[in-house]
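S.K.: Chains V and B, in that order, are what the protein sequence lines are.
Under our numbering, the letters of the first sequence match residues 1 to 410, in that order.
Under our numbering, the letters of the second sequence match residues 1001 to 1306, in that order.
Simulated from the structure, these hints should not be mistaken for laboratory data.
You may find that some hints are simply not true.
Which chain B residues stay away from chain V? Per the calculated CB distances, all over 12 Å, these [what the hints assert, rightly or not]:
#	residue
1	Q1009
2	D1099
3	V1117
4	E1146
5	K1258
6	P1280
No farther apart than 27 Å at their CA atoms in a straight line, the calculated lysine-lysine pairs in the BS3-like style are these [said to hold, decoys possible]:
#	chain 1	residue 1	chain 2	residue 2
7	B	K1230	B	K1258
8	B	K1178	V	K275
9	V	K369	B	K1258
10	V	K275	B	K1154
11	B	K1042	B	K1092
12	V	K281	B	K1178
13	V	K111	V	K353
14	V	K281	B	K1042
15	B	K1206	V	K275
Now the in silico label distances, taken between C-beta atoms and shown as ranges [said to hold, decoys possible]:
#	chain 1	residue 1	chain 2	residue 2	range
16	V	N254	B	G1069	33 to 43 Å
17	B	A1031	V	N182	19 to 29 Å
18	V	R16	B	Q1234	53 to 63 Å
19	V	R258	B	N1251	23 to 33 Å
20	B	S1061	V	N254	25 to 35 Å
21	B	A1031	V	T374	32 to 42 Å
22	B	K1021	V	E204	25 to 35 Å
23	B	A1031	V	E255	38 to 48 Å
24	V	N257	B	Q1250	11 to 21 Å
25	B	K1206	V	T374	51 to 61 Å
Note that the coordinates shown come from a computational prediction; the quantities given were computed from them, not determined experimentally.
We put the CB at the ideal spot given by N, CA and C, even for glycine.
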Amino acid sequence: MLSIEGTIVNSAELKRSRIEIDQVTGLITKVSEPTGVADILFKNELIFPGFIDLHVHAREDTSHTQDYKEDFTTAGEAAINGGVVAFAEMPNNPIPPIDDASYEKKKELTKKCPVEVVLYAGIGPNTKPLSFRAPYKVFFGRSVGDLFFNSLPELETVLAKYRGQYVSFHCEDPEILEKHKNEPAHELQRPPEAEISAIDFALELIQKYNLSGKICHVSTLEGLEKIIKAKKLGVNVTLEITPHHLYFDMEMLNEGNRKIFQMNPPLRRRVDRLKIIEFLKNGEIDYLATDHAPHTKEEKEKGISGLPHLDTYGPFTTWLMHEHNFTAEDIARVCSQNPANFLNNFISGKYGKIEEGYIGSLTILSMEKPIKITKNILKTKCGWSPFEGVVFPGRGVMTIIKGEVKKDER
Amino acid sequence: MVHILNGEQFADENILEKIFKRARELEEADAEGQAPKLLSGKIVATVFYETSTRTRLSFESGALKLGGGVISVADPKTSSASKGESLEDAIKVIGGYSDIIVLRHPENGAAARAADVSRVPVINAGDGSNEHPTQALYDLYSIQKELGKIDGLKIAFMSDLRYQRNAHSLIPLFCLFKNLEIYFIGPTELALPQVYKDRLAAAGIKFKELPQIDSILPEIDVLYVGRVFKERFQDEAEYEKLKKSFFVDQNTLARMKKDSLILHVMPRVFEIDPKVDADPRAGYFRQAKNGLYVRMALLLYALDLY
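Working from the sequences, and respecting the hints, build out all of it.
M.R.: Structure, rendered in structure tokens:
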């Protein structure tokens, strides 16, 4: 049994309490008034229900051709480093998990991961649903990998078979991307209207096929407003935002950093970014999900899209609290509770709260220990971070996975 | 027609929204090279009894972009004022040659005096240390455009608040935003005149006066830097001391929030290290550009052309 005392953050309250976790079952057995005596005593640190990242590319698959940049072990270590206790992993692999057999084979690989992993299954031109419950990911247009469609009608024909399933959408309209493919800069090749148009279409499909929809990495204010409006009308849709669309914008791009900051969808305008931060704070956006994409620096120079994020997930949340006035409860909502409500559909236990019966995985942050992000603190195999040089106002001081202390930097 | 004389007359959310919306539209149209020629056939007189570069040129550029003509008194020494003509007489005459007058004058209250006798709208482009409403409007417009909002922000002014006229015009505008927190940084000799502090207090706006910026740097969203006028110090040593504490450089930046904004009344002399310019937070050149579009919107507003 592991006992911890400190300030716990559930999504509606901040309270000094005592937590007991059974290390055999990995479950929280008791949350009670503090006694002043525990295995681990915290002072002003914040104890969150473990952070969950719903959008990770760990890159490893049964082909093992991309293990050079990340695998389930290193992605898990980076997650623990960043205070992430579980993640959902994307299917755009060289051998994508698209049917029962390929999904099960890939799932075997996740067993060595030190944090819990739920795999998305891919939806491609000739796929159909698995025989068991799993989250699905659909890419509209070409991004990284071969799971994409050339036209929206082609996509709809396939998606019709997924009625009632959990489907996450990468929204960029392939026809609009095709029209802009010869533009001189990445952000011009993938213009806002590609996302906005695809969001319209995704919302239509979600309603038509009764899907539990999730829109990934929304980057445009207009797209975001469409989703929020749909939610208010009762459409079954949630949405993710990435740290990079919250922290960086196209106005900071220059010839020196343009390749590093290439991702899909691309960075947008500063004023949109600041509005999106407000939407996240106000509860309109459901999840802080990273789109962790661990490509090597050499690959970035050649023009591949995506940024690694797992190591910096926790420190990034301290920036939201310190500079954008997020409360700890706001962070618990978008980093723990909401993502848990999604992930819990596909696992046996429950994440998302510090309460008896929930999984005993916790993220502990200190707002009193700033951290400068440098290469040597990273665990991701790709070995770099878009935040190198940035000083975040706080850091993760401990990560507990099912009652086991996996990181301790008190 | 509407005279544009002070900040107070814009202390109305509907008017502000209308002008800001118009400025945005004009900026977008101008980006396409298609500013509407709404001043076609009209003549804008820019009458400057005090030197100016940005203010006069932005009004003239705006007038020309809108298809208007421009006549100008750019140097008071070449004007009839040097022969002893009164402001009132000059305005009556110039009003006969033009459809709108943009006036800068060294005396407080000059714009209102001009408006009293003018048959065409008068735009106050700065009168003494009194008001500079067109700058105040584009200051506010820049904050809205850069940070996406105004209410709820923490704004610090680091300047000569006794004489800085755009700050005086900003006070009634700030009173519209109930959750602002404002800091006035500087020595007591250059403090904001009491009448403006009373206005803020009456509106329930939180503000504080501090001698130094250091303690609040990590908190603020906007740092508004002004000029410190050497001629207003009796003691050279005092001026030199103050000059240092008003200096913004990369060390200042390092202590500010990432998503904050630095504005400057312009022209910059020593107050901001040019090395700061490359930082995305350095908004003062974008602010100066915004002045063009807000002034275009104001020319149209004064002439009821909207």
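S.K.: State for each hint whether it applies.
M.R.: Verification of the hints:
1. Q1009: holds, 27 Å
2. D1099: D1099 of chain B is indeed farther than 12 Å from all Cβ atoms of chain V, at 35 Å.
3. V1117: The claim holds: V1117 of chain B sits with its nearest Cβ about 43 Å from chain V, beyond 12 Å.
4. E1146: E1146 of chain B is in fact no farther than 12 Å from some Cβ atom of chain V, at 7 Å.
5. K1258: violated, 6 Å
6. P1280: violated, 5 Å
7. B:K1230 x B:K1258: violated, 32 Å
8. B:K1178 x V:K275: Distance ~20 Å between K1178 of chain B and K275 of chain V Cα, so the pair holds.
9. V:K369 x B:K1258: holds, 18 Å
10. V:K275 x B:K1154: holds, 17 Å
11. B:K1042 x B:K1092: The given pair, whose Cα atoms are some 17 Å apart, holds under the 27 Å limit.
12. V:K281 x B:K1178: Holds - the C-alpha atoms of K1178 of chain B and K281 of chain V are around 20 Å apart, at most 27 Å.
13. V:K111 x V:K353: Answer holds: K111 of chain V to K353 of chain V is near 24 Å, not above 27 Å.
14. V:K281 x B:K1042: Judged against 27 Å, a Cα distance of about 49 Å means the pair is violated.
15. B:K1206 x V:K275: holds, 24 Å
16. V:N254 x B:G1069: 33 to 43 Å: holds, 41 Å
17. B:A1031 x V:N182: 19 to 29 Å: Distance hint for A1031 of chain B, N182 of chain V holds at roughly 22 Å.
18. V:R16 x B:Q1234: 53 to 63 Å: holds, 57 Å
19. V:R258 x B:N1251: 23 to 33 Å: For N1251 of chain B against R258 of chain V, whose Cβ atoms are near 28 Å apart, the range 23 to 33 Å holds.
20. B:S1061 x V:N254: 25 to 35 Å: holds, 28 Å
21. B:A1031 x V:T374: 32 to 42 Å: The hinted range 32 to 42 Å holds for A1031 of chain B and T374 of chain V, with Cβ atoms some 41 Å apart.
22. B:K1021 x V:E204: 25 to 35 Å: holds, 31 Å
23. B:A1031 x V:E255: 38 to 48 Å: Between A1031 of chain B and E255 of chain V, where Cβ atoms are some 23 Å apart, the hint is violated.
24. V:N257 x B:Q1250: 11 to 21 Å: Holds: the Cβ-Cβ distance is about 18 Å, inside 11 to 21 Å.
25. B:K1206 x V:T374: 51 to 61 Å: violated, 39 Å
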